[in-house]
Each structure stands twice: as C-alpha cells, then as structure tokens.
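Q: Chain order of the listed sequences is A and B.
Heads up, the numbering used here is the position in the first sequence plus 1186, with the first residue counted as 1.
Heads up, the numbering used here is the position in the second sequence plus 594, with the first residue counted as 1.
It is worth saying that the hints were derived from the structure and are not from the lab.
There's no promise every hint is true.
Claimed, not checked - In silico DSSO-like cross-links for lysine-lysine, where the CA-CA straight-line distance does not exceed 30 Å:
1) A:K1362 x B:K756
2) B:K625 x A:K1247
3) B:K741 x B:K756
Unchecked claim - Counterexamples of contact, computed for chain B against chain A with all Cβ distances above 10 Å:
4) D597
5) L600
6) A619
7) G626
8) D704
9) A805
10) V916
Each residue gets a CB set at the ideal place from its N, CA and C atoms; glycine is no exception.
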Amino acid sequence: MTRLLLRDDAEVITASLAEPGRFAVLFDRHAPHIHRYLARRVGPQVAEDLLAETFLVAFGKRAAYDPAFRDARGWLYGIATHLVGQHRREEIRRFRLSQAAGPDVDQNDYSERSVVRLTARSVRSVLVAALAELAEPDRDVLLLFAWEQLSYEEVARALGIPVGTVRSRLHRARAKIRQALAGTPAAATYEELQSNE
Amino acid sequence: MNDLDLIRELGSETPLLSLPELSGARERVVKGIGRDRRGPARWLAVAAVSAGAAAAVAAGMFAGAPAPHHRAPQAVRPGTVVNAHLTAKEVLDQAAAAALRQATVVPRPDQFVFTEVNVGTGVVVRTWLSVDGERNGLETQTGSDGKTSSTVILGCVNGFHKIRTPGVDGKPINGGGKPVPMKSTTPMDGPVITEPCTPAPAYFPDMPASASAMPGYLEQTQGISPSNLNDLAKTVGSMLQSDYFLPAQRAALYEFLATTPGLAVEHNVQDITGRPGVGVGWSLQGSRAMNIFDPASYAYLGMTTWGEQDQQGGDALLQVAVVSYPGQVP
Chain A
1187 MTRLLLRDDA EVITASLAEP GRFAVLFDRH APHIHRYLAR RVGPQVAEDL LAETFLVAFG
1247 KRAAYDPAFR DARGWLYGIA THLVGQHRRE EIRRFRLSQA AGPDVDQNDY SERSVVRLTA
1307 RSVRSVLVAA LAELAEPDRD VLLLFAWEQL SYEEVARALG IPVGTVRSRL HRARAKIRQA
1367 LAGTPAAATY EELQSNE
Chain B
595 MNDLDLIREL GSETPLLSLP ELSGARERVV KGIGRDRRGP ARWLAVAAVS AGAAAAVAAG
655 MFAGAPAPHH RAPQAVRPGT VVNAHLTAKE VLDQAAAAAL RQATVVPRPD QFVFTEVNVG
715 TGVVVRTWLS VDGERNGLET QTGSDGKTSS TVILGCVNGF HKIRTPGVDG KPINGGGKPV
775 PMKSTTPMDG PVITEPCTPA PAYFPDMPAS ASAMPGYLEQ TQGISPSNLN DLAKTVGSML
835 QSDYFLPAQR AALYEFLATT PGLAVEHNVQ DITGRPGVGV GWSLQGSRAM NIFDPASYAY
895 LGMTTWGEQD QQGGDALLQV AVVSYPGQVP
C-alpha cells in the first residue's frame, strides 16, 4: 500500500481538508512541545486538556490556515496561548505556589551543586513573582520567546500582532524582570555561586 | 547568566513528554477529528480541577499528574432528600438563600482560610491561606498512602516577603566566597532576605454583595468573560474551593450564576467522594461538568466533570473554615 508522504505542516493541513484523519500527523509532530508549553504555564494536569483543546480548535480552523507558512508551530502556539488566557487564574495560582516551592533538593546533598540549587530557589522566587506581575500580553510574548524559542516573527504570527509590538512588549517585560532581579541579595549570591562553579 | 537564562532555567523544570504519554489527549483529538467539525471546535476543559490540585502539581509534590478515574455518575443513596422539581436556577437561588441564612462572620486580617479538598485519586489537599495575604500560609497534601507533604505559602508584607536562604546559624553557606560543603542538616538556616511581592488574600472585602455588580467584578479580578458559561461556572467553583466569602457575597455569586443561560439541573448525582447531591451543570461538545450542592442544605460540595468518554474528574470540598493559624484544623 502506497503511503503519501506529507513533508511539511502546510501539506498535512491541506490534505486534512479532504481527509480529516491526516490532521493527527500534526498532533504527532508538535504535541510534546505544545504540551510542555501549556504545562509550564498552567500545570501538567490542566495542560493535557488544553493540549487536546488546542488541536481541536486548530482542526476547526484549518480551512483558514495560510499554506504559505510551511511550519504550523507558531499557529499552534497562538491557539494554545489564547487558551491559557482563559485559565489565567490557574496560571497565577501556579506562580503563587511556585514562589514557595521549587524542585526538591536532596537535604543530604551538601555538594556545591546542591548549594547552587538551594540559592537558586530564592532567585526563582523573585523571578516567579515578577512573571506573575507582568501584564498578560507581555508575559505571552516573553514566554513564547524565552521558553519556546520562537523568533520575533513567529511570536508575531502566533499572537496576531506586528513584529514591532513583539519587540516593544519583550523589551518592557524584560526590563521589569531585570528590575525585579536587580540588587536582590538572592540574585547577587546566585551570580556569585554561578561564577564560582 | 541573564534574565532570559533564568527564565529558561525555570522552564527547564517541566519535562518534555513523549507521544505515548500524551495518548489520552491524542485519543480525544482523533475522536474529535472523526466528527469532522465544521465550526471552531471547543472542548470543555475537563481539568476544571481545584486550584489546590493545580497548585499541588505546581509545587512538584506529585510524581505525575493524577489520572482521571473512570466512573459514571452513580445513583443517589436511598433516603436522600431530593427536590426533584427544582430547576437549575431554583437550585442556585436556594443555595443563595441558604447562604444568606448563615451568620456573617468577617474574618480578621491575621486569620487564615482553611479549606480541605479531595482532589480525587485519593489525594486530600488542605490549605491555609492568609486572610489578607500578608502572612505565611500552608498547604499540605495527603496521599492515599497516608504520606503528607507540606509547602509554606509565603505572605507578603508591605510589598515584600521574607525568605530564609541557605546557610547555617543565620550565616550564608558560601561565607562570602566559594561555596563550602555544609555540615548541618538544616541547610535553609541562612540569612533572611526580603523580596518584592504582591499580597494574595483569601478574603475579598471589596467583592460585591449584589448579583448585578458581579460580572464586572469577575471580569476585573478573575479575567474571565462572565457571559461565557464554561468559564464562569468553572471560576465560581474554583473560587468556592479556595477562598472565603461572606454569606451575601456567596449569595450574589450564586444569584449571578443563576441568571446565566445554559445551565441544567441534574438530580440524584454524587460528588467524587460519593456524597449525594444535586448538580447544576453545563456541557460543551460532548463533555459536561457540574457544580454540586447538598440536596438538603444546599451547601457547595464541589465540581465534577465528565469527558467525552465519560471519564470522570473533579474534586470535593470537604471543609471551609476561618482559623487562627496555619495547621489549625477546626
């Protein structure tokens, strides 16, 4: 049986208009990364449901997809980000809890690495608080850029905003983060520990 | 290490799952594709879990995300009081009236809102949130194995909270230079530092006590569109499971929800712990959810959700109380 090779996302989406089942290929290609993005923002449990919702929304909108964009990643991140916006409460609560608890550190591990991680917790707390206080549009841009490594153009397309707006939002968000981190004893200690590694 | 590096490091705590680990979501998508929807697909977020559950995962206390358990709605136990003639609006109005019969107790800023929520899969989350958000709170989780883990929820005083850093006897570990191995079992006993923050109260004195003022308040404070039934009903459930409301505030919340089109009553249901109740539910694209009330007292019991394949999730509110200190159980 001959199997049609669909080389890029645009081909998959176009093919799925006639054969809807082909859309599952898009899930297989991008689901892990979209899920991680959602889990980072709203936690793993909510993320799994939003992941399914992201692809179902995408499926419903596939007829309007512009095939000039061969990679659908930005499009999917945009849909996922919109869904995160509907779960702002979970995200803020997640940030709030994260301020108090970082990854577990082995209490019997006294290595320098452990010391760095413990100190990183206090930096983490400042960072998480600063992220929570960002305006939602600024946070969307910053996290797509920093966590998902999208380019300015990809972020712009994902969020449906001009590239210039991406730049200004990113600049504003980073300035606020840096301001929050600057001069904190935790940050100073952390930098010092990092430089001593 | 710059700000972007720090943010990326924060993000690196979240693992990249493999496709087999996402098979549940894939199955839902494939099923949705099979229907070949013409319009924009909507999915009822089955994970309308309590804030406690989401926070539990955020705090890294679960080895993995709790899987929804599969269980169809069960019939109510014999002898349960059931007002089978009531509509969804009437159930909510009854809940509002019941709330108004409660004594108005205004919590003091130095007190704590205690909630106990069964989040399913045998996990019970107890949370003590500072009334004004300015004192350290606490969250504990007890699994089905009886093991309990706890997390301090930092209070925020005058825009800052205090964190004890790694160290011994109030002194930093590194002693101002290269880090040295610690010889104590109390590694977080270093200097106390202050960091900027925003208080997160568990009681809201400015919350309106009238249904007409509620949509504006919810839009502003919860970031939802009050006309979106799914968002509204989930948010109301989430608020009721984590925060404290005066009777008039709670009644206003119910009364406003009652005015929203699309709700349906479902009698003779059980919450996830098996308590009998009356459900005020809604559905989207084959999934459904409901806020559940005690059929006799109309006290709020929790939220239960069912996915397209009838997979059940949700949580049950076991207790809400105002207490004097974190860890105090009424």
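Q: Hint by hint, say whether it matches the structure.
A: Here is what the structure says about each hint:
1. A:K1362 x B:K756: holds (21 Å)
2. B:K625 x A:K1247: The given pair, whose Cα atoms are some 17 Å apart, holds under the 30 Å limit.
3. B:K741 x B:K756: OK: K741 of chain B and K756 of chain B at ~28 Å, within 30 Å.
4. D597: violated (5 Å)
5. L600: violated (5 Å)
6. A619: Incorrect as stated: the minimum Cβ-Cβ distance to chain A is 4 Å, not above 10 Å.
7. G626: violated (5 Å)
8. D704: holds (19 Å)
9. A805: holds (21 Å)
10. V916: holds (20 Å)
The structure shown violates the earlier hints numbered 4, 5, 6 and 7.
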